[in-house]
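2 protein chains.
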Amino acid sequence: MSQSPTATTTASDQSTDGLPKGFRFAGIACGLKVSGKKDLSLIVTDHPVVAAGVYTQNQIVAAPVINSRSKTPSSTVRAVVTNSGNANACTGQQGIENAQGMCQQVADLIGCESEQVLVMSTGVIGVKLAMDRVKNGIETAYSHLAPSIENFLDASDAICTTDQSRKIVTRTISLDGQTVKIAGMAKGAGMIAPNMATMLAVITTDASLDHHQAQTMLGIACNESFNRISVDGHTSTNDTVLLLASGEATSELTSDSQAHLQQELNQLLNQLAKQIVLDGEGAKHIMAIEVQGANHDDDAFVIAKTVAASPLVKTAITGGDPNWGRIVSAAGYADAPIVPAETCLEICGETIYRDGTPIPFDAARLSEAMKANREVPILLTVGRGDGKAKYWSSDLTTAYVEFNSEYTT
Amino acid sequence: MSQSPTATTTASDQSTDGLPKGFRFAGIACGLKVSGKKDLSLIVTDHPVVAAGVYTQNQIVAAPVINSRSKTPSSTVRAVVTNSGNANACTGQQGIENAQGMCQQVADLIGCESEQVLVMSTGVIGVKLAMDRVKNGIETAYSHLAPSIENFLDASDAICTTDQSRKIVTRTISLDGQTVKIAGMAKGAGMIAPNMATMLAVITTDASLDHHQAQTMLGIACNESFNRISVDGHTSTNDTVLLLASGEATSELTSDSQAHLQQELNQLLNQLAKQIVLDGEGAKHIMAIEVQGANHDDDAFVIAKTVAASPLVKTAITGGDPNWGRIVSAAGYADAPIVPAETCLEICGETIYRDGTPIPFDAARLSEAMKANREVPILLTVGRGDGKAKYWSSDLTTAYVEFNSEYTT
Numbered sequence: 366m367s368q369s370p371t372a373t374t375t376a377s378d379q380s381t382d383g384l385p386k387g388f389r390f391a392g393i394a395c396g397l398k399v400s401g402k403k404d405l406s407l408i409v410t411d412h413p414v415v416a417a418g419v420y421t422q423n424q425i426v427a428a429p430v431i432n433s434r435s436k437t438p439s440s441t442v443r444a445v446v447t448n449s450g451n452a453n454a455c456t457g458q459q460g461i462e463n464a465q466g467m468c469q470q471v472a473d474l475i476g477c478e479s480e481q482v483l484v485m486s487t488g489v490i491g492v493k494l495a496m497d498r499v500k501n502g503i504e505t506a507y508s509h510l511a512p513s514i515e516n517f518l519d520a521s522d523a524i525c526t527t528d529q530s531r532k533i534v535t536r537t538i539s540l541d542g543q544t545v546k547i548a549g550m551a552k553g554a555g556m557i558a559p560n561m562a563t564m565l566a567v568i569t570t571d572a573s574l575d576h577h578q579a580q581t582m583l584g585i586a587c588n589e590s591f592n593r594i595s596v597d598g599h600t601s602t603n604d605t606v607l608l609l610a611s612g613e614a615t616s617e618l619t620s621d622s623q624a625h626l627q628q629e630l631n632q633l634l635n636q637l638a639k640q641i642v643l644d645g646e647g648a649k650h651i652m653a654i655e656v657q658g659a660n661h662d663d664d665a666f667v668i669a670k671t672v673a674a675s676p677l678v679k680t681a682i683t684g685g686d687p688n689w690g691r692i693v694s695a696a697g698y699a700d701a702p703i704v705p706a707e708t709c710l711e712i713c714g715e716t717i718y719r720d721g722t723p724i725p726f727d728a729a730r731l732s733e734a735m736k737a738n739r740e741v742p743i744l745l746t747v748g749r750g751d752g753k754a755k756y757w758s759s760d761l762t763t764a765y766v767e768f769n770s771e772y773t774t
Numbered sequence: 366m367s368q369s370p371t372a373t374t375t376a377s378d379q380s381t382d383g384l385p386k387g388f389r390f391a392g393i394a395c396g397l398k399v400s401g402k403k404d405l406s407l408i409v410t411d412h413p414v415v416a417a418g419v420y421t422q423n424q425i426v427a428a429p430v431i432n433s434r435s436k437t438p439s440s441t442v443r444a445v446v447t448n449s450g451n452a453n454a455c456t457g458q459q460g461i462e463n464a465q466g467m468c469q470q471v472a473d474l475i476g477c478e479s480e481q482v483l484v485m486s487t488g489v490i491g492v493k494l495a496m497d498r499v500k501n502g503i504e505t506a507y508s509h510l511a512p513s514i515e516n517f518l519d520a521s522d523a524i525c526t527t528d529q530s531r532k533i534v535t536r537t538i539s540l541d542g543q544t545v546k547i548a549g550m551a552k553g554a555g556m557i558a559p560n561m562a563t564m565l566a567v568i569t570t571d572a573s574l575d576h577h578q579a580q581t582m583l584g585i586a587c588n589e590s591f592n593r594i595s596v597d598g599h600t601s602t603n604d605t606v607l608l609l610a611s612g613e614a615t616s617e618l619t620s621d622s623q624a625h626l627q628q629e630l631n632q633l634l635n636q637l638a639k640q641i642v643l644d645g646e647g648a649k650h651i652m653a654i655e656v657q658g659a660n661h662d663d664d665a666f667v668i669a670k671t672v673a674a675s676p677l678v679k680t681a682i683t684g685g686d687p688n689w690g691r692i693v694s695a696a697g698y699a700d701a702p703i704v705p706a707e708t709c710l711e712i713c714g715e716t717i718y719r720d721g722t723p724i725p726f727d728a729a730r731l732s733e734a735m736k737a738n739r740e741v742p743i744l745l746t747v748g749r750g751d752g753k754a755k756y757w758s759s760d761l762t763t764a765y766v767e768f769n770s771e772y773t774t
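As they're listed, the protein sequences go chains A and B. All residue numbers for the first sequence refer to my numbering, where the first residue is 366 and numbers rise by one. All residue numbers for the second sequence refer to my numbering, where the first residue is 366 and numbers rise by one.
It should be emphasised that the hints constitute simulated quantities derived from the structure, not laboratory data. Every residue, glycine too, gets a C-beta built ideally from N, C-alpha and C. Careful: at least some of the hints might be erroneous.
[Unchecked claim] Not everything, but these chain B residues come out facing chain A in the computed CB check (under 7 Å):
| hint | residue |
| --- | --- |
| 1 | 423 |
| 2 | 425 |
| 3 | 457 |
| 4 | 458 |
| 5 | 459 |
| 6 | 469 |
| 7 | 490 |
| 8 | 600 |
| 9 | 684 |
| 10 | 694 |
| 11 | 697 |
| 12 | 703 |
| 13 | 725 |
| 14 | 763 |
| 15 | 766 |
| 16 | 770 |
Hey, can you work out the whole structure from these sequences and the hints?
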């Protein structure tokens, strides 16, 4: 799998020192992917760790989501096993048993209970897992476990499906004078047919948290990141974000340090989320939409999300078109109030619409700026309230349509 | 303007007999469209008529919407003047005055009050109307007024923008033994840059209705038609649907006849709505989505609309892909409850998903059927409730993306 690293790393993250203490990783190929690429990822902890999870809001949930969701938050997790190439979704009772079987096998290898093992899957839906391959894969992965960066990268690769590059972020921070590492891996959210390229992420850290703290912090960080991105707005049956905290680097954190860690987690998840948007199927640009002046943050969020989802806005960004009409009118049909006479719009820092009226600007120059930037900042003021929100979305290209219409079941 | 007629007509509708009594029509070119195509449409009534209106829900509304909205329902309307090529939206106080000026000029020509004249606009936004051209155009149109089919078609053409063909439907029905005519014209809903190709429609009839009845009936008919279609989900600033009832063919209607007329109106608007979807920018297919088994009709509507808006579902239909995973999972993330274990899916009459599980089907044959049909029926059962709804949407093609991304402001 030839992938260019896209990680945001600090200097110290280039070695194994960059990984949090207490975790071993492996990523191998067991034959679930026809391509022969890595498709089984295993993370095992040295000791029981705290684990939190955030899961898809889709009413149709895959077997691994049902399994893991019932086990988090927890303070005794020992492993996360993930397969790609098959989502184990819409697979009935057999699917439930297969997810449980994966956990049981890992538990037997480690010597713990299956309740201590979490499971994730992504890939084709409605097809039963080839459990013989998974079984061999888990054995092979277990024999490859190591706390090295190489293995962390292998594990990151093995959760990918149509992703064009792996998505990882690592951080080293100081909390109460103690050095803490955080390492996150994710896979992308563009969906393919009939696969649903689920959004998966695992964040490992050696900070000390109890499972209530971990669950709360993960929920907040997801709201600041993964819940603020969209490629095509299609929520998968398998979306899962896990946070594992080994506690091996710190004693109990002060409330100041917890706040600091929360901030770092927010940023780290946000970086992973933006990598997912940038890797959206066929995406050429990422729209960074900021809404301000709404009555409440929730209103601003609804407006930002509505603008982000508009195919007309997306195609305008694709074409480098500073099209205030599409953006402002999308805000106008959002299910949250705006004040048309106080509505203003900036693209790439240039004001093109003020107090409800378009104003003259150098369209050719602005268009060039939009085309040149991978990330196109859009600042929309919708009134004089305090409500604000950010949202990131991919643009919409012919490549997306080709990719998603050329499959035949 | 070379356009193939797409009207659904009865034999009697082929002559001027097909038009309701009491209306004269004209459609001419006044130079608002660079192409030189017809861009000014005028409908004048012989006597004051009942008029009802349904308008965009966008918070940003164009000047003509503000103008007409304040005048309906009414029982004294004499004319509807419509220009295409310029939406008169986001044009400030000057725009308000220009819309009013159009009404005043028509009123002066007819010899009535400007309050009796309705106005609609569609086209580029943020640009002031060339009122000299509009003024000449209104004079020319007034001199061309006639109750003929030819003039009705001219008027229908003059409200179009990027529409590939005019959209009209006429009907002749019998109410209480009296012959009633209904004639509707509409223009399409795909939006272009920075134009917003607004959805406009005018329905004329010679049935007798009071303005409260007319308003209620139009609201119901819109909910069964224009509110159940989407091309790209982008609500325009100018959307307007008007119903004009001259009363020249009937005396007061019995309640049975009113119910009959309602049914006819629903069907007529529905046919116009489907013409709009079929003419969606780049559209190859129309998805006819029917949801049943929901708890309430409102829930079924939300689910149908969510499925209809999914780019993944749209691209699957484009590719002739019977992709149950995309459709069922879109229903799963709709903001209305479904019962996953009771969810079933039929495409083109063939069941491919039953009680939460995919079932074997001849994918190649079904794909051929999907490709061969301009309208692809999708029947989704989401439980055992009584709630049901229909929704129509265009598919998503590379042509849509090319069309909407190649413009540069």
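Hint check:
1. 423: With Cβ-Cβ at 4 Å, under 7 Å, it holds.
2. 425: Where the cut-off is 7 Å and the nearest Cβ of chain A is about 4 Å from residue 425 of chain B, the hint holds.
3. 457: Because about 6 Å separates residue 457 of chain B from the closest Cβ in chain A, which is inside the 7 Å limit, the hint holds.
4. 458: At about 10 Å, which exceeds the 7 Å cut-off, the nearest Cβ of chain A leaves the hint on residue 458 of chain B violated.
5. 459: For residue 459 of chain B, the interface hint is violated, since the closest Cβ of chain A sits about 10 Å away, which is over 7 Å.
6. 469: Violated. Min distance 24 Å.
7. 490: This interface hint holds because 5 Å falls under the 7 Å limit.
8. 600: 4 Å, holds
9. 684: 4 Å, holds
10. 694: Given a least distance of 5 Å, the restraint on residue 694 of chain B holds.
11. 697: 4 Å, holds
12. 703: 5 Å, holds
13. 725: 11 Å, violated
14. 763: Since chain A brings a Cβ to about 4 Å from residue 763 of chain B, closer than 7 Å, the hint holds.
15. 766: Residue 766 of chain B check passes; min Cβ-Cβ to chain A is 5 Å, inside 7 Å.
16. 770: With a closest approach of 4 Å, the residue 770 of chain B hint holds.
The structure shown violates the earlier hints numbered 4, 5, 6, 13.
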